[in-house]
Amino acid sequence: MHNASFRRMVVPGLVAALFGCSDGGGSTDVAADPGTEEDSGGEVAADADADVEPEADAEPEADVDGTDDADVETGAEVEAEADAGAEADVEAGTDTDADGGTRPPECVGEGGCTLYTDCCSCLALAAGEPPPPCGITECFVTTCSARGMDAADVTCAAGRCAAGYNCDDSTVVCLTPPPACPEGEVPSVSGSCWGACVPATECAYVKDCSRCDPDVQFCVQYVQRSGIFAHCVERLDECGAVPSCACGGASVCVAPFDSCGDDPAGPICSCPTCG
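Using numbering that gives the first Met the number 0, the first residue of the sequence shown is number 0, and each one after it goes up by one.
Treat each hint with caution, since some may be false.
[Stated by the list, open to error] DEER-style ranges, computed between Cβ atoms: (1) 262 / 108: 23 to 29 Å; (2) 134 / 178: 19 to 25 Å; (3) 103 / 258: 17 to 23 Å; (4) 173 / 273: 30 to 36 Å; (5) 138 / 258: 43 to 49 Å; (6) 257 / 141: 34 to 40 Å; (7) 138 / 263: 39 to 45 Å; (8) 192 / 139: 22 to 28 Å.
Just so you know, these hints were derived from the structure itself, not from any lab. This structure is a prediction, so every number in the text was calculated from the model and none was measured. Virtual Cβ for every residue (Gly too), placed ideally from N, Cα, C.
Given these sequences and hints, build the entire structure.
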C-alpha cells in the first residue's frame with residue numbers, strides 16, 4: 000500500500016522534473032541559437048565589410064587609374080605640343096639667325112649707293128636714305144670737292160654704303176701728327192700724310208679694328224687671298240655692343256664674303272676664292 004502510494008508520488012515528480020529539464024534545455028538551446036545567429040550575423044557583417052571595402056578600394060583604384068591614364072595622355076599631348084612648339088621656336092630662331100636677326104644689308108655692290116655732298120658732308124647714301132641735316136646753305140666748294148672725292152670712289156663696305164675714303168694710315172710717312180678727331184671719326188690719308196677727319200664708317204677700310212670707336216661702332220673683317228680688310232660699321236642696337244654671326248652676321252657678311260665667323264671685335268667674313 001505504502002509502496003504503491005510512494006510510486007504514485009515519485010513517478011509524477013520524476014516526470015515533471017524531466018519535462019522541466021527538457022524545457023530548460025530547450026531554453027538554453029534557444030538562447031544559444033540567437034547567440035549563434037548573432038555570431039553568424041557578425042560574420043556576415045564582417046564579410047560584408049570585407050566585401051564592401053575591396054569594392055570601395057576597387058572603385059578609387061579604377062578612378063585613380065582612369066585619372067592617371069587621362070593625365071598621362073594629357074601630359075603626353077602637352078609634352079608633344081610643347082616639343083612641337085619648341086621645335087617651331089627653334090626653327091623660327093634658326094631662320095632669324097640665318098637672316099642675322101637684324102636689318103638687311105644696305106648694299107651688295109656699289110650699284111645701290113650714291114655719293115651725296117653739300118657744305119657739311121661728303122658721304123654715300125643707300126637707296127631711299129635721307130641726307131643728314133646741314134645748317135650751311137651756301138659755300139664756295141662742296142665737301143666732296145674739297146676732299147677730292149667723286150662718285151667713282153663710292154663702295155659697298157661690309158654691306159654698308161661708304162664714300163670710299165682712304166683711311167689706311169699704314170701708308171703715312173710724314174712727320175706731321177694726326178689730327179684729333181671727334182667720336183666715330185678717323186683721320187683720312189692724303190698721299191703719304193694725314194687728311195681731314197672723316198666718319199670711320201665712310202672709309203673704304205681701316206688699318207685694323209682698333210680704329211673703330213667701340214662706343215658707336217663695331218668692326219667687321221673681310222678675309223680674302225690678298226689679306227684682311229677691316230671695316231667700321233655703325234652699331235646694331237638689337238645685337239648689343241658686338242654683333243655675332245647669329246645676330247648681325249647676314250647684315251654685314253654679303254656675297255661673296257658670306258662665310259661668317261665670330262671674333263671678339265665682330266664678325267669675320269671670308270671669301271677664300273676672292274683676290
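Results of checking the hints against the structure:
1. 262 / 108: 23 to 29 Å: Between residue 262 and residue 108, where Cβ atoms are some 25 Å apart, the hint holds.
2. 134 / 178: 19 to 25 Å: holds, 22 Å
3. 103 / 258: 17 to 23 Å: Since the Cβ atoms of residue 103 and residue 258 sit about 18 Å apart, the hinted range of 17 to 23 Å holds.
4. 173 / 273: 30 to 36 Å: holds, 32 Å
5. 138 / 258: 43 to 49 Å: Holds, since residue 138 and residue 258 (Cβ atoms, about 44 Å apart) stay within the stated range.
6. 257 / 141: 34 to 40 Å: Holds, at about 36 Å.
7. 138 / 263: 39 to 45 Å: holds, 42 Å
8. 192 / 139: 22 to 28 Å: holds, 24 Å
Going down the numbered hints, you'll see the structure goes against none, and every one checks out.
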